[in-house]
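Q: If you want the building blocks of each chain, they are given just below.
Number of protein chains: 2
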Amino acid sequence: MSETTPTRQVSDWLAALDAALKRGDAAGAAALFGDDGYWRDLVSFTWNITTAEGKVKVRQMIEDAVLPAKPSAWQIEGEASEAGGVTEAWVRFETAVARGYGHLRLKGGKAWTLLTTMSELKGHEEHKGPTRDMGTEHVARRGSKSWLERRQQEEAELGITTQPYVVIIGGGQGGIALGARLKRLNVPTIIVEKNERPGDSWRKRYKSLCLHDPVWYDHLPYIPFPEHWPVFSPKDKIADWIEMYTKVMELNYWGGTECKGARYDESKKEWTVEVVRNGKPMTLRPRQLVLATGGSGFPYMPSVPGADTFKGDLQHSSEHTGPEAYKGKKAVVIGSNSSAHDICEALWEEGADVTMVQRGSTLVGRSASLGALTLDALYSETALKAGITTDKADLLIAATPYKVLPSLHAPAYEKLQKLDAEFYANLEKVGFMLDFGEDGSGIYMKAMRVGGGYYIDTGASDLLIDGRIKLKSRVGIERINHQSIVLTDGTELPADLIVFATGYGTMDNVVAQLLGRNVAEKVGKVWGLGSNTRGDPGPWEGELRNMWKPTQQEAFWFHGGNLHLSRHYSQFLALQLKARMENVPTPVYGLAPVHHRS
Amino acid sequence: MSETTPTRQVSDWLAALDAALKRGDAAGAAALFGDDGYWRDLVSFTWNITTAEGKVKVRQMIEDAVLPAKPSAWQIEGEASEAGGVTEAWVRFETAVARGYGHLRLKGGKAWTLLTTMSELKGHEEHKGPTRDMGTEHVARRGSKSWLERRQQEEAELGITTQPYVVIIGGGQGGIALGARLKRLNVPTIIVEKNERPGDSWRKRYKSLCLHDPVWYDHLPYIPFPEHWPVFSPKDKIADWIEMYTKVMELNYWGGTECKGARYDESKKEWTVEVVRNGKPMTLRPRQLVLATGGSGFPYMPSVPGADTFKGDLQHSSEHTGPEAYKGKKAVVIGSNSSAHDICEALWEEGADVTMVQRGSTLVGRSASLGALTLDALYSETALKAGITTDKADLLIAATPYKVLPSLHAPAYEKLQKLDAEFYANLEKVGFMLDFGEDGSGIYMKAMRVGGGYYIDTGASDLLIDGRIKLKSRVGIERINHQSIVLTDGTELPADLIVFATGYGTMDNVVAQLLGRNVAEKVGKVWGLGSNTRGDPGPWEGELRNMWKPTQQEAFWFHGGNLHLSRHYSQFLALQLKARMENVPTPVYGLAPVHHRS
Chain A
0 MSETTPTRQV SDWLAALDAA LKRGDAAGAA ALFGDDGYWR DLVSFTWNIT TAEGKVKVRQ
60 MIEDAVLPAK PSAWQIEGEA SEAGGVTEAW VRFETAVARG YGHLRLKGGK AWTLLTTMSE
120 LKGHEEHKGP TRDMGTEHVA RRGSKSWLER RQQEEAELGI TTQPYVVIIG GGQGGIALGA
180 RLKRLNVPTI IVEKNERPGD SWRKRYKSLC LHDPVWYDHL PYIPFPEHWP VFSPKDKIAD
240 WIEMYTKVME LNYWGGTECK GARYDESKKE WTVEVVRNGK PMTLRPRQLV LATGGSGFPY
300 MPSVPGADTF KGDLQHSSEH TGPEAYKGKK AVVIGSNSSA HDICEALWEE GADVTMVQRG
360 STLVGRSASL GALTLDALYS ETALKAGITT DKADLLIAAT PYKVLPSLHA PAYEKLQKLD
420 AEFYANLEKV GFMLDFGEDG SGIYMKAMRV GGGYYIDTGA SDLLIDGRIK LKSRVGIERI
480 NHQSIVLTDG TELPADLIVF ATGYGTMDNV VAQLLGRNVA EKVGKVWGLG SNTRGDPGPW
540 EGELRNMWKP TQQEAFWFHG GNLHLSRHYS QFLALQLKAR MENVPTPVYG LAPVHHRS
Chain B
0 MSETTPTRQV SDWLAALDAA LKRGDAAGAA ALFGDDGYWR DLVSFTWNIT TAEGKVKVRQ
60 MIEDAVLPAK PSAWQIEGEA SEAGGVTEAW VRFETAVARG YGHLRLKGGK AWTLLTTMSE
120 LKGHEEHKGP TRDMGTEHVA RRGSKSWLER RQQEEAELGI TTQPYVVIIG GGQGGIALGA
180 RLKRLNVPTI IVEKNERPGD SWRKRYKSLC LHDPVWYDHL PYIPFPEHWP VFSPKDKIAD
240 WIEMYTKVME LNYWGGTECK GARYDESKKE WTVEVVRNGK PMTLRPRQLV LATGGSGFPY
300 MPSVPGADTF KGDLQHSSEH TGPEAYKGKK AVVIGSNSSA HDICEALWEE GADVTMVQRG
360 STLVGRSASL GALTLDALYS ETALKAGITT DKADLLIAAT PYKVLPSLHA PAYEKLQKLD
420 AEFYANLEKV GFMLDFGEDG SGIYMKAMRV GGGYYIDTGA SDLLIDGRIK LKSRVGIERI
480 NHQSIVLTDG TELPADLIVF ATGYGTMDNV VAQLLGRNVA EKVGKVWGLG SNTRGDPGPW
540 EGELRNMWKP TQQEAFWFHG GNLHLSRHYS QFLALQLKAR MENVPTPVYG LAPVHHRS
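Chains as they are written, first to last, in numbering that gives the first Met the number 0: chain A, 0 to 597; chain B, 0 to 597.
There's no promise every hint is true.
No copy labels: a pair is met if it fits in one copy or bridges any two.
[Unchecked claim] Calculated lysine-lysine pairs in the DSS-like style (CA-CA distance at most 30 Å, straight line):
(1) K391 - K127
(2) K206 - K391
(3) K182 - K246
(4) K127 - K246
(5) K267 - K246
(6) K144 - K417
(7) K428 - K203
(8) K206 - K182
(9) K259 - K56
(10) K268 - K21
(11) K326 - K182
(12) K417 - K121
(13) K144 - K471
(14) K246 - K203
(15) K279 - K259
Honestly, the hints are just simulated from the structure, not real lab data.
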């Protein structure tokens, strides 16, 4: 092998890093990074989710977090590759307490990006493959209990005579994915969910709903969808999958249970969580509390004069169960996000007369075009064939710092606008207000910054283009009458149904309601990068605020996001919780300050 | 690459086979086989499950079945390997209507064994991976139905206003595995099962029951167990898995439904199947009928004088739900198979005074020793690491003709007797009657020949050895008194509980009951190889009688076996049924004659 193969280059770089770290030389280690180099760490060194941006901050992180964690055993995994002046490779490493996996990109011999993530805690590994449990003892013992007896005992006792270490509030896919990780790590956990059955938060939505992301992006941990699973899961099908998953992963899932409030006892280091389970008040006393409700507990309804006088049906999109009652009726849908489009489409399919009211611009992309230009490289059959499993795809996304992402994403959206130029021209012709993000960086960045503002077209755009769904845009809402809605341009739309697809509040609202204003203000805003774009005020922090990492409130955590984020980050939140349960030291580096009162 | 690499040798052999078959030269093709060569075909050429033993029969099969099927595109898959004078490789091929996969072993340049199996029917492939369904249409359509509506409609109509193509009687793992294959092939199917819930046939057994085969051997098709699944599944855990599997595979599973009888109308080519579903009589009219009950509908109870006068509990093992009621009581278990051992162990664990009555010899093997010497090479983490997936392991088992298997298995059982010599000596010391099969060929051959006669030790043997479970062997049963059982040697054992672990009738009994004596006699014995060993009378047929292949009764099939056999052979039975539904010609070669009245 020649001296200059990419693999050799990476191995040499790792050897140099290893040597510098072994001799405690933070300056020497940082010198291996470019001036614009990044080190992103998911829990392995920082017990936090942190990106050090630029050589100066990298050096500080090495000094304060990396060296104390005693890193070692840096090595390349597989072969490195080179393209466009960037050499990249997967890497393995260890700390005193954990094993880690990461990804390195070199530019001009220096690190451009280094991602380090914690894979497992030494001595607390999941039992799987060769270390899986036996399931039975091959020896007779008096008084031995069967699996069923032990499982029934756990269900009967946990939360009643014994206390869980973790309570997760919210049993959607986020709470369930985290619950599964904690189960595999033997962390006693109860998931509290107000709906009866796992999957109900999907089941109860409008009937035409399908996942807008493709199957390769949507796997839960441990049990991937089988090969025949459809590209876009219908809501009831994914709901059934989630329900079976909860069962076979043996999660302690308290359905029909509402959380009424929680408070932390600083001296006891214990939460008091008040819940009502099937009508019966109960108190849980976990050490750690995770909020995984999303914001969807708080539908956002603008207050409109006259709304209370409306004689037809007035609903938030979250309450809208379907179009069946509206055949031949007049419907007005306020909003232009995914739910608005889906609801308009289903109403039109049922034979309603539908008008969409668009108040602000929206990013629209055709599903197939978006796939081809963005996700397909990471989450598709093509990606799988190239060896990019879902886990590797998750890591590749994580490997690119948020600072760099917009400039990487923007070109795809330029191509998209060219590819579907006629489609976009047609949408604008009927007055639809389009955008592609303030800096043209597209859907993923919108999702990270403000959690919405886009529609992945699955059919409604063509209905808007040819007028089968009517569109009123560049208008606000003036008032609601007995049988109509009046817009700011004076238009009066007769209506039997008005749906407000106006989105949701954020998790801040949930914190204030459940934990009180004090905790909400201490913790501050949840989600968002601080990009200074609309709805995502600065300062820049390089990471999502408060998600999956320690907050200013001790023993209190946020979990959530789409299936991809829930799957990927549940690993790191679970390891943080497990470490605390096992009294592994978890010195947090760079705990984010709070800039915004919630 | 040198001329003599194993891969080159196999490629040359396949090219010669291809050439001979292309020119219609059966003699030339057969000449590529050794005199003791075998060609085993699973459905791809014979529309049957057949082994041609020796060059003469191989030539006949080529002439009558292989040439008419128009084979082509023979090629090696991956690299061949060589060991001990045998070169082996995976192969691919096609026929006019199907794609196939197989395995070849060469000895001295000639074929020793060739396995050919059907993978898929051209034009009727399963939709998976790149061809999976979209799950939703990305276009709006009036009157379009959601996944849930379509699924509910199917459940409401199938078997009521529309008729399934296939009815499977018996919804254990066998019926469910076959049902899943048929679902993926779009063959409308109803599974009829007398228990309420999928998995109940496991749930209702004694509480300590765990699978005796390890997890790698037990996967269902399409959704493998996750990596953390225990080696030996507890019965209620496997039951939950089966229940969720039935749900997410969207099987039409009629629980709480008993089949009362069925008759075939030769002119209409249609079955009339009478069932009682949740108490309501109904008639199903499928084209094909599959019996997948196993024999377990027919517990075998020897008739013992005085049994009706017994004042304690007298149960067949299938009725025995657990030891809870027998703490401090006296229990006698008749039999020495797996259930007998398990039930004795559980009774002892509960604190009962237990005696086992052994009437005939039994093959006993310690679980870990058996694994190391037999299954581990094919079904284990080690095998997986060597690239032997479960599917490949199934094919490797299928690749060895039944004629050859005993001589391959016997050495492992010789090693086993040496390895555990002290264990066996101790068992014999307390009077336990041991065997390793009449020809020393062990468990798998016993299972194929007579479907039982062994115990994989999971703890009971040590209890027998040290007398915690008492043993009476080399005796029969004389009579039962009010409170005791009397053996043929005059011993009287006081008893509060007598369990007959005396096994089950065979599927023949089920046929006679459901389809009448005429069909039962036409179809003859089910299972067994005709090895002329005890319980498996000749003549030799080279294959299991009547299993997974056409029978003498048109449109009537048997399915079953342990999880491995159910998984593997469900593929070939499903393809046979699919071909018939699609009117693909299915000329059956070598339909087995019937030698035994059932």
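Q: Indicate, hint by hint, whether the structure satisfies it.
A: For each hint, the structure was consulted:
{"no.": "1", "hint": "K391 - K127", "verdict": "both (19 Å within a copy, 22 Å between copies)"}
{"no.": "2", "hint": "K206 - K391", "verdict": "neither (33 Å within a copy, 42 Å between copies)"}
{"no.": "3", "hint": "K182 - K246", "verdict": "both (12 Å within a copy, 23 Å between copies)"}
{"no.": "4", "hint": "K127 - K246", "verdict": "both (19 Å within a copy, 26 Å between copies)"}
{"no.": "5", "hint": "K267 - K246", "verdict": "neither (33 Å within a copy, 45 Å between copies)"}
{"no.": "6", "hint": "K144 - K417", "verdict": "neither (66 Å within a copy, 34 Å between copies)"}
{"no.": "7", "hint": "K428 - K203", "verdict": "neither (35 Å within a copy, 66 Å between copies)"}
{"no.": "8", "hint": "K206 - K182", "verdict": "between (32 Å within a copy, 24 Å between copies)"}
{"no.": "9", "hint": "K259 - K56", "verdict": "neither (42 Å within a copy, 77 Å between copies)"}
{"no.": "10", "hint": "K268 - K21", "verdict": "neither (36 Å within a copy, 80 Å between copies)"}
{"no.": "11", "hint": "K326 - K182", "verdict": "neither (47 Å within a copy, 35 Å between copies)"}
{"no.": "12", "hint": "K417 - K121", "verdict": "neither (51 Å within a copy, 39 Å between copies)"}
{"no.": "13", "hint": "K144 - K471", "verdict": "between (66 Å within a copy, 28 Å between copies)"}
{"no.": "14", "hint": "K246 - K203", "verdict": "both (20 Å within a copy, 19 Å between copies)"}
{"no.": "15", "hint": "K279 - K259", "verdict": "within (12 Å within a copy, 47 Å between copies)"}
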